[in-house]
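2 protein chains.
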Amino acid sequence: MEPLFVAQPLLPDLADFQNIVAEVWRTKTLTNGGPFHQRLESELERYLDVPTAMLFNNGTVALMAALKLFDLPAESEVITTPLTFAATAHAVHWNGLKPVFVDVLPDALTIDPAAVQKAITSKTSAILAVHVYGTVCEVDQLQAIADQHGLRLIYDSAHVFGTTINGRSIGSYGDASVFSFHATKLFNTLEGGLISTNKASDKADIYYLRNFGIKSEDEVISVGLNGKMNELQAAFGLLNLPRVPEERRCRSELRQKYEGFLTGLPGIKVQLKQPGVTNAEQYFPIIIDQATYGLSRDDIYDRLKAKGIYARKYFHPICTDFVPYRDYPVHSIRNTPYVNTVKSQVLCLPFHSGVTDRHVAEIKDVFNKAA
Amino acid sequence: MEPLFVAQPLLPDLADFQNIVAEVWRTKTLTNGGPFHQRLESELERYLDVPTAMLFNNGTVALMAALKLFDLPAESEVITTPLTFAATAHAVHWNGLKPVFVDVLPDALTIDPAAVQKAITSKTSAILAVHVYGTVCEVDQLQAIADQHGLRLIYDSAHVFGTTINGRSIGSYGDASVFSFHATKLFNTLEGGLISTNKASDKADIYYLRNFGIKSEDEVISVGLNGKMNELQAAFGLLNLPRVPEERRCRSELRQKYEGFLTGLPGIKVQLKQPGVTNAEQYFPIIIDQATYGLSRDDIYDRLKAKGIYARKYFHPICTDFVPYRDYPVHSIRNTPYVNTVKSQVLCLPFHSGVTDRHVAEIKDVFNKAA
Numbered sequence: 001m002e003p004l005f006v007a008q009p010l011l012p013d014l015a016d017f018q019n020i021v022a023e024v025w026r027t028k029t030l031t032n033g034g035p036f037h038q039r040l041e042s043e044l045e046r047y048l049d050v051p052t053a054m055l056f057n058n059g060t061v062a063l064m065a066a067l068k069l070f071d072l073p074a075e076s077e078v079i080t081t082p083l084t085f086a087a088t089a090h091a092v093h094w095n096g097l098k099p100v101f102v103d104v105l106p107d108a109l110t111i112d113p114a115a116v117q118k119a120i121t122s123k124t125s126a127i128l129a130v131h132v133y134g135t136v137c138e139v140d141q142l143q144a145i146a147d148q149h150g151l152r153l154i155y156d157s158a159h160v161f162g163t164t165i166n167g168r169s170i171g172s173y174g175d176a177s178v179f180s181f182h183a184t185k186l187f188n189t190l191e192g193g194l195i196s197t198n199k200a201s202d203k204a205d206i207y208y209l210r211n212f213g214i215k216s217e218d219e220v221i222s223v224g225l226n227g228k229m230n231e232l233q234a235a236f237g238l239l240n241l242p243r244v245p246e247e248r249r250c251r252s253e254l255r256q257k258y259e260g261f262l263t264g265l266p267g268i269k270v271q272l273k274q275p276g277v278t279n280a281e282q283y284f285p286i287i288i289d290q291a292t293y294g295l296s297r298d299d300i301y302d303r304l305k306a307k308g309i310y311a312r313k314y315f316h317p318i319c320t321d322f323v324p325y326r327d328y329p330v331h332s333i334r335n336t337p338y339v340n341t342v343k344s345q346v347l348c349l350p351f352h353s354g355v356t357d358r359h360v361a362e363i364k365d366v367f368n369k370a371a
Numbered sequence: 001m002e003p004l005f006v007a008q009p010l011l012p013d014l015a016d017f018q019n020i021v022a023e024v025w026r027t028k029t030l031t032n033g034g035p036f037h038q039r040l041e042s043e044l045e046r047y048l049d050v051p052t053a054m055l056f057n058n059g060t061v062a063l064m065a066a067l068k069l070f071d072l073p074a075e076s077e078v079i080t081t082p083l084t085f086a087a088t089a090h091a092v093h094w095n096g097l098k099p100v101f102v103d104v105l106p107d108a109l110t111i112d113p114a115a116v117q118k119a120i121t122s123k124t125s126a127i128l129a130v131h132v133y134g135t136v137c138e139v140d141q142l143q144a145i146a147d148q149h150g151l152r153l154i155y156d157s158a159h160v161f162g163t164t165i166n167g168r169s170i171g172s173y174g175d176a177s178v179f180s181f182h183a184t185k186l187f188n189t190l191e192g193g194l195i196s197t198n199k200a201s202d203k204a205d206i207y208y209l210r211n212f213g214i215k216s217e218d219e220v221i222s223v224g225l226n227g228k229m230n231e232l233q234a235a236f237g238l239l240n241l242p243r244v245p246e247e248r249r250c251r252s253e254l255r256q257k258y259e260g261f262l263t264g265l266p267g268i269k270v271q272l273k274q275p276g277v278t279n280a281e282q283y284f285p286i287i288i289d290q291a292t293y294g295l296s297r298d299d300i301y302d303r304l305k306a307k308g309i310y311a312r313k314y315f316h317p318i319c320t321d322f323v324p325y326r327d328y329p330v331h332s333i334r335n336t337p338y339v340n341t342v343k344s345q346v347l348c349l350p351f352h353s354g355v356t357d358r359h360v361a362e363i364k365d366v367f368n369k370a371a
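So the protein sequences, as listed, match chains A and B.
Residue numbers for the first sequence follow the working numbering, so the first one is 1 and each next one is one higher.
Residue numbers for the second sequence follow the working numbering, so the first one is 1 and each next one is one higher.
Rather than coming from a laboratory, the hints here were simulated on the basis of the structure.
A quick note: this is a predicted structure, and the numbers were derived from the prediction, not measured.
Take these hints with a grain of salt, some might be off.
Since the list gives no way to pick one copy over another, a pair counts as held whenever it fits inside one copy or between any two copies.
To be verified - In the DSBU-like style, the derived pairs of lysine-lysine whose C-alpha atoms are separated by at most 35 Å in a straight line are:
#1 K305 to K215
#2 K199 to K305
#3 K257 to K28
#4 K28 to K307
#5 K269 to K307
#6 K118 to K305
#7 K28 to K313
#8 K98 to K307
#9 K305 to K369
#10 K98 to K369
#11 K199 to K98
#12 K123 to K364
Could you build the full structure based on these sequences and the hints that come with them?
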């Protein structure tokens, strides 16, 4: 059997893309907000149902730009979760701000609002919450806390492309939301990212942040970086976007198959079902409690790997395990932060349309033998 | 006549690129240092004749990473030139450092070593010099100053891809050199950049800066961002690199044609010839002295534009004209910094293989009528 990986990139039809390449060759417009870029940005604005959706070259650069959008004071504190990809904390740090890590909620694994409350100091300027694995944050509680303390609320939405809460787009919550279109994401532009906000008036400022602060041939009005996505990637995205629903449908079916044999197993928890929330179908995380189940997350990972099936210990390590943040505490309402337990229990199973019934049977076999 | 622009991107053969796209579709490897990325990086290491050449998604991100490489103290001062693209100053500022602007040398238009000396304070941590328009800096003097004061010396080499000084690669000078492969550059990867250094031991650290500080599946050892170039861009670059010599030859011929009618004109200066330096043929800048020539840079720009020929007032505005740096002085050995005079005199003429003899005749006509 071919090795099976946790993700497999969604690709446009090859001939369609080759035709679009020919079109780029004709126009000779390779970047700087060309026609494909403009079209993709418009389509994503519609898709995400937000007044402002601005493309970036990757999610990390988008996150750095989003954090810059609000003129947070230098060295002020940004409260975030350690259960996230490195980029979340690094973007804060690179921007001259201080990440402050707080615990996550059991089951949901999103940032714990009570822990956020506890971590707020006079230096706190923002909350950077992460909709992790597709599970959405406690958006109302977080907004209330932000409002009460005059904090900015920014979401890392890398895992929730297309999610809605009671019909409202995930990209419209808080002050800004940052998406990733990396190859591992359901919707991808090879590398890519996006900032969405609920205010049309943010468009200009985000544009400047993306393009060196250039307002016109004669004016540079702010400090910006280069966050531009090129035309080939934008065209790739344009062709990929219509393929998202079918890929998502396949993953929903796969989710049901996985849940079919996992839900009954003592010591295994599948992803929380959140009422009113559509699942973006980005990841399929499970929590393995060794005390009840008998085997550890790492045991299952190794047994799957022995069959050529690569699950992912995601997120392992967590941010507070990284060398630069090792001395940073995890603020929690518990004596022992829950995140320090769950980080050794979470496993993301292969989750894409390339996972066949035979793969599912192999995976089921590993879990059943273990139980 | 079709409008003629200052730059026209060099493109690979369409069919060759379409074939390579098919190869990417077969491997499904879209980014994260895939095979095309590895090959392009190796080829550029050879091309630039340096022990370390690390690809980035664009020159600005590469510059931000290069500045981070040396752990410059927060808010320390980085001496640079205002006669550069916005990215140079913005990268310094975004990284939490303070750009300090100093004057340029007459004729060369590169940073004035005497002005650098004058601007050094106890807070200075680095010199960020720019090889502007292809004219190289006073590399020996700058290195001596850096050594004397214990400063890092970083070069913005966006305009000097392929330049050598007495046979030595421009990418090997100073502590690091940053290239841009933006569409407007002779060698382009749509968007792209590179850091070169003269030390093989820098490779690992630059790799971490480019890829979130990830050392292994279990270790994140430093604060990094996402500077990864994707596979389509790397493949584009691989096919473009062999086309560079022919494009450069065309531009060298064009340079001779331009110089043929410009060299004699009173009040017009063409680019400095530097003994032992190969010209990268990135730009064709001229300096127009209105007092002698009769017409201003802007007059010539307008007259060319009226014919559909778009020259570029490059760099206009200069960094100290930008809103964020308006209050920053330009340190100079003169009463009036030379850069404040020359910024209204510099014009870059269209410079690429798409400029025909007919275009040259039209441009010549504008200059001759003016004289």
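Check each numbered hint against the structure and report the violated ones by number, ascending.
-> 2, 6, 8, 10 and 12
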